[in-house]
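There are 2 protein chains.
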Amino acid sequence: MYTLLKTDGKAKRGRLETVHGTIETPVFMNVGTAAAIKGAVSTEDLKVIGCQVQLTNTYHMHVRTGDRIVKQLGGLHRFMNWDRPILTDSGGFQVFSLAELRKIKEEGVYFASHLDGSKIFMGPEESMQIQSNLGSTIAMAFDECPPHPATKEYMQASVDRTTRWLDRCRVELDRLNGLEGTVNPRQMLFGINQGGTYEDIRIQHAKTLRDMDLDGYALGGLAVGESHEEMYRILDATVPLLPQDKPTYLMGVGTPANILEAVDRGVDFFDCVYPSRNGRHGHVYTNHGKMNMLNKQYELDEQPIEPGCGCPTCTHYSRAYIRHLLKAREMLGMRLCVLHNLYFYNRMMEEIRNAIDAGEFQAYKKEKLASMGRSN
Amino acid sequence: MYTLLKTDGKAKRGRLETVHGTIETPVFMNVGTAAAIKGAVSTEDLKVIGCQVQLTNTYHMHVRTGDRIVKQLGGLHRFMNWDRPILTDSGGFQVFSLAELRKIKEEGVYFASHLDGSKIFMGPEESMQIQSNLGSTIAMAFDECPPHPATKEYMQASVDRTTRWLDRCRVELDRLNGLEGTVNPRQMLFGINQGGTYEDIRIQHAKTLRDMDLDGYALGGLAVGESHEEMYRILDATVPLLPQDKPTYLMGVGTPANILEAVDRGVDFFDCVYPSRNGRHGHVYTNHGKMNMLNKQYELDEQPIEPGCGCPTCTHYSRAYIRHLLKAREMLGMRLCVLHNLYFYNRMMEEIRNAIDAGEFQAYKKEKLASMGRSN
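Those protein sequences? They're chains A and B, same order as listed.
full-length UniProt numbering applies: residue 1 is where the first sequence begins, and numbers increase by one.
full-length UniProt numbering applies: residue 1 is where the second sequence begins, and numbers increase by one.
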């Protein structure tokens, strides 16, 4: 299903064919936490801003409105009115970051909902069942996201359990995909490499994963507090061990610079809340660095956020108007900034793909990093 | 500039030609308080949902971001990227409802900004200057909005002062329209009839106003706590005294039923925050009554809010999805409900115009009121 079209150094230009259409990689997945992009962005908007694939959070959908209800409504695609690919995470990250009273056992995790304190159990089977109910294009394996920092002993035990959980995920998803009435019987499974910043654990785990013939391979537990240099070092050590003819996904990353560096190390898939979260705070991305749209200097500025940008915001509205909306706490201000930022990310990925196609990725990366400056 | 195209009983079908295009009446003005419709609705959206004319609040623009800044940016139309008509209110209503430490004198009103307590003076000249800076299509005269209830003595004195203020508004707007560099030198002025629920004061004031040859005539100080029947009684007494060959505007009104009753009494223009405010709370209008989209009954409901509705929300999204968004406090839920409600209002006005054109307004009104039920 994944075709490696071209390489440029370690950078990969690929194509993943799915039941919901084709994903050209490298790609940035636009994060729709609760089956909606924060900032009043609709699925109609997503098409306008060039989104190829959308990510929805399994944990959030499970605790509200409930994956069984989504299944009764025909799955996430029909629920959201989005006919292109959707990746669901495993719920693990939220269980380990949001939920309360957490207890990890071999069978899975006991925790309390962050919404109402109700007791929930989630293990590999439950995560697969929820994701199967949601009917996403790509399901993620249920893993432990170990705390950062963690002792080497803790990390090794955690990664070993994550491997055992992955086995259970495969068995359960195979079973679910074979059931009658399954929303998406061709749901794919990506496994997740863990190991924190311990290179040897990462490497050993990557070797274990690559022998499992999964639909794709993710790196989890990065961008959780370690330095960018540590993250790049782990990518250097781990990505070359993962199958080149399968997609590689760096979870929760990151800044434009992080993405450029990770593409340069062979990563295909990205997701991050930065563009939507920053947009809601009036922080916008441009090819000349980030701008804080609340700054007084934009009060009389009739230019679009970025002259020449083709996004719906820059096509129609000025910096002065956007600043006014943000100052007046009008929701439209947040929406316009989020639309611009997601367009910026999606457009950058398109530029990256074009650069790899042309064998000019190094020159593109150098120029992009230089023009954006350190703030990105 | 206003042409009375047809009457059907007292109902008027008119057309107001302005420098910013034509307004077909009866019309509902979509309320963009601070140069934006609340609910993340952009001016691009307004075109899709059939908005002819937008209303912006003079007071809000004066206290934040400031009308002088808007003037430097070429006026409200350019600021918002909206090329169709805009009506600005006088600021009076907000001065009398929002502002603090209010002191009314013959020259105008001294008050403190509700934002930062800063001291502001606004009289007829200041209101005209602000509205001239904003460059709206139609400016409203600066009036006192008397409290409800008010003694007859207070009301008479207030209305007399409002008449003197109107004289000063006309003189000042004439002067401003003649200045070089005025944003819209063809800015129109509507006067405002006041008098609370005192029929004799209303009638006397209407007679005074009609002799002043204004661009349009508004009824203010209604829908401020009196019963619907009292409001209709005042309309019955007052509207027939206003020039039929000029537009009549019932300020701040109202429910769909209020609008139907007022059209039936000769009113052309309406504005109200109900559709956007209710939409933000998940309350939506349909031809079969209002619905609370948070209700459990919509959890598994795959229908659009109103089957057959042509709005962007009903075209793409289900009740179940909208309920989920509202429960998850996703801004998109508010936006979708606001878009539907404004479309509903704009579409109802179109139906009203068609019914008057066909000489079938009474039948249309009766059927619409019956189908919507009492909740509207």
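What the hints contain is simulated information worked out from the structure, not anything from laboratory work.
Check before you lean on any hint, since a few could be wrong.
Stated by the list, open to error - Simulated pairs of lysine-lysine, PhoX-like, Cα-Cα distance not exceeding 20 Å:
(1) B:Lys10 x B:Lys296
(2) A:Lys296 x B:Lys71
(3) A:Lys71 x B:Lys207
(4) A:Lys71 x B:Lys327
(5) B:Lys10 x B:Lys327
Checklist entry - Which of the numbered hints are not met once you compare them with the structure shown? => result 1, 3 and 5
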